[in-house]
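> Here is what each chain is made of, one letter per residue.
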Amino acid sequence: MVGAFDYAPAIVLLPFLSFLVALAGGKYLPKGGAFGGIAATAGSLVLSAWVFLTVSAGNAYNETLYTWVAGAGEETTRLTFGLLLDPLAAMMLLIVSLVALLVHVFSLGYMNDEGETGLPRYYAGLGLFTASMLGFVVADNLLMAFMFFELVGLCSYLLIGFWFRDSGPPSAAKKAFLVTRFGDYFFLVGVVAVFATFGTAKFAGEGAFPVIAEEALNGAAEVTTFGFAPETWFTILGLLILGGVIGKSAQFPLHTWLPDAMEGPTPVSALIHAATMVAAGVYLVARMYGFYALSPTALGIIALVGGFTALFAATMGVVKREIKQVLAYSTISQYGYMMLGLGAGGYVAATFHLLTHAFFKALLFLGAGAVIIAMHHDEDMWNMGGLKERMPVTYYTFLSGSLALAGIVPFAGFWSKDEVLYEALVHGLGGSPLLLAGYAMGLVAVFFTGFYTFRMVFLTFHGEPRTDIARDPHGVRWNVKGPLVVLGILAATVGFVNMVPVQDLTGIHLEFLHDWLAHGELSALTAEHYGELLHDYAHYTSAEVASYVAGAVSLALALAGAGLAHVLYNVPEPTEHTAKLGAVKDLWYNNYYQDEYQVWIATSVVLPLSRLADKFDQGVVDGVVNGVSSVSLFAGSRIRRIQTGVVSNYAALLTLGLTALLVVFGVLGGWFV
Amino acid sequence: MVPVQWYLLLGTAVFCIGLFGILTRKNALLFLMSVELMLNAANINLVAFSAYWGNVTGQTFSLFTMALAAAEVAVGIGIILVLYRNFDDVDVTLATGMRW
Chain A
1 MVGAFDYAPA
11 IVLLPFLSFL
21 VALAGGKYLP
31 KGGAFGGIAA
41 TAGSLVLSAW
51 VFLTVSAGNA
61 YNETLYTWVA
71 GAGEETTRLT
81 FGLLLDPLAA
91 MMLLIVSLVA
101 LLVHVFSLGY
111 MNDEGETGLP
121 RYYAGLGLFT
131 ASMLGFVVAD
141 NLLMAFMFFE
151 LVGLCSYLLI
161 GFWFRDSGPP
171 SAAKKAFLVT
181 RFGDYFFLVG
191 VVAVFATFGT
201 AKFAGEGAFP
211 VIAEEALNGA
221 AEVTTFGFAP
231 ETWFTILGLL
241 ILGGVIGKSA
251 QFPLHTWLPD
261 AMEGPTPVSA
271 LIHAATMVAA
281 GVYLVARMYG
291 FYALSPTALG
301 IIALVGGFTA
311 LFAATMGVVK
321 REIKQVLAYS
331 TISQYGYMML
341 GLGAGGYVAA
351 TFHLLTHAFF
361 KALLFLGAGA
371 VIIAMHHDED
381 MWNMGGLKER
391 MPVTYYTFLS
401 GSLALAGIVP
411 FAGFWSKDEV
421 LYEALVHGLG
431 GSPLLLAGYA
441 MGLVAVFFTG
451 FYTFRMVFLT
461 FHGEPRTDIA
471 RDPHGVRWNV
481 KGPLVVLGIL
491 AATVGFVNMV
501 PVQDLTGIHL
511 EFLHDWLAHG
521 ELSALTAEHY
531 GELLHDYAHY
541 TSAEVASYVA
551 GAVSLALALA
561 GAGLAHVLYN
571 VPEPTEHTAK
581 LGAVKDLWYN
591 NYYQDEYQVW
601 IATSVVLPLS
611 RLADKFDQGV
621 VDGVVNGVSS
631 VSLFAGSRIR
641 RIQTGVVSNY
651 AALLTLGLTA
661 LLVVFGVLGG
671 WFV
Chain B
1001 MVPVQWYLLL
1011 GTAVFCIGLF
1021 GILTRKNALL
1031 FLMSVELMLN
1041 AANINLVAFS
1051 AYWGNVTGQT
1061 FSLFTMALAA
1071 AEVAVGIGII
1081 LVLYRNFDDV
1091 DVTLATGMRW
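Chains A and B, in that order, give the protein sequences. For the first sequence, the numbering used here begins at 1 and goes up steadily by one. For the second sequence, the numbering used here begins at 1001 and goes up steadily by one.
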């Protein structure tokens, strides 16, 4: 029977096809190839929905489709491409293809209607970006995941630098590429190490590497651990791969590329932040959660990095003037929550936050895009104000996204963020005090999130218009409003798939996402199995805390933050209050001088080191080589003089040579004795 | 019957005369002649040993050598003609273009 799984490769190939079409024929197509991209992503969405339905019937798919390198012999390492479709992948496929479709439609309004040039290049980039991310989502082994991970990075480079004639975007694109590349370097080492250790990089099924790792820990299997204890070695492997995650998901200290990536077109920012690039990192950890669950150290580091990033980025978002900058820092902060959730053993919670965040962050970016169209590409919030009456559709959808981001009940972000914090709290109280530090940072960040989100909303939409452009903004069309409405409704409602606090209060069964991820044909990839692993190997135990109490605490903090923003900025003529923060304001406004210290590392540490290495290379290595070559050059320049061109001399040399040979043979052969 | 050593001595003498000619002369025609001398020195050896062992193979070989020498002279004369056309002389020390 031909089922959804037989068509699954087309989910990846359709956007790739649109990439080829836009690249080759975009010039001759209407709208620069946009319709090809829309059709392709719509096709992917339909197929993803079909796969989703098939998976929800209890099926799963884990097949190798193509072996591109196979060693000799039976028991050998194979490098393959394959598909792994389980509940997690099916969910992510839906998110990515839906957001990609809406971003394509929105681009009609943001790029085509604004008369941009180079549209075929733009739509080709979007198509490849979507295809790479979808390929990453369905990857069934770590190496394939790595390859698509890199493709995603390449596409972000191409799209962030779309306006390459200005000075900002190309350098932002280079920064994004290099910073994530720095993390990916560790990932690559990790992939090789996984192959060296387990001889396979498959995520699931017979002989998958998380399964072998588990067996190695309880003594049922032997693996090469290069002289380390298995626990230590698996932690090292996990941390190496985490390097790539930290780079892509913009976690501290490799987050600096993301705010600069705002130089790209706004729909691209929406795609990067909501569904593709940044989500890839968190998705990777969730994908191989069976491996991370074996190492409490790696989990603790993930949780701490996540919690710290959540707070750290949220504080920087408080003082920014540009609407997209605020959103950029909110993205870093929200991915910090997801990492905190994963590290705290909340696999479902983090996945849930990934789901809700994808919708509300795509919504916020597209909303910001609509505002930017209206403001004639002015992004400074202090030039806006009063847009509420002038663009009501944008306002109400943006408000829906903001409420979700701030975590106000009953919008999507509340349920997921609350669950992440709840997991950190119960596991922290249950005997892993390290997680409590992550929880505390996450909780403080809730307040800041509420504050900066509503500061942004009030400055943009409320009060009196502060410039002439804001008094008479540029209108937007259906292709902008349509995606906004779809996402606005989703941002308000998608949280209902998993309302644990309400379930605890009322006893009605409401945790559908838990059910979705808990079971499945591939039992090693289910949340249930991860729970057992966390308990057995990471020694996570849950304390008894009522989920609605934890939820009420974070809701109160979010409301307090929003309330403070209301008091300070929801006035007809708001003024900057940031100066009251004094030195802290400068610190936040300059992003804790992260860029400066990274530049300092580059120029004062790495550069002298590489100069030294260069000297060694030029002096010692090249010196030896040059010495050898100068000896042969000199010898050659002398010996070539026997080539006189006079035939008699050659004859003489021949004769001499023959005589010499005869003498040598004679002496050695004993003819003269 | 003349002992084979005499033939060998004769062959050596002829070869050395040829070699001497090649090493000391400048005239290309004398080169050719000297090469002929050296080839014939080898022929003398072949015939001498053939007679010594009572085996005609060596004599057959010397016939082949003569045919070869004729061919070689044809080629050699051709080269000398070109040499003359280019340098107006058959002096081998003039043609020194193929040097370092």
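What the hints contain is simulated information worked out from the structure, not anything from laboratory work. Quick caveat, the model's predicted, so the values are computed rather than measured. Check before you lean on any hint, since a few could be wrong.
[Stated by the list, open to error] Label pairs and their computed distance ranges (CB to CB):
#, chain 1, residue 1, chain 2, residue 2, range
1, A, R640, B, M1001, 29 to 37 Å
2, B, M1001, A, A635, 23 to 31 Å
3, B, I1017, A, G623, 30 to 38 Å
4, A, R638, B, E1072, 34 to 42 Å
5, B, V1075, A, V625, 43 to 51 Å
6, A, A652, B, A1070, 35 to 43 Å
Here a beta-carbon is modelled for each residue, glycine too, at the ideal position from N, C-alpha and C.
> A separate judgement is required for each hint: does it hold in the structure or not?
Evaluated hints:
no. : hint                            : verdict
1   : A:R640 with B:M1001: 29 to 37 Å : violated (54 Å)
2   : B:M1001 with A:A635: 23 to 31 Å : violated (56 Å)
3   : B:I1017 with A:G623: 30 to 38 Å : violated (56 Å)
4   : A:R638 with B:E1072: 34 to 42 Å : holds (35 Å)
5   : B:V1075 with A:V625: 43 to 51 Å : holds (46 Å)
6   : A:A652 with B:A1070: 35 to 43 Å : violated (27 Å)
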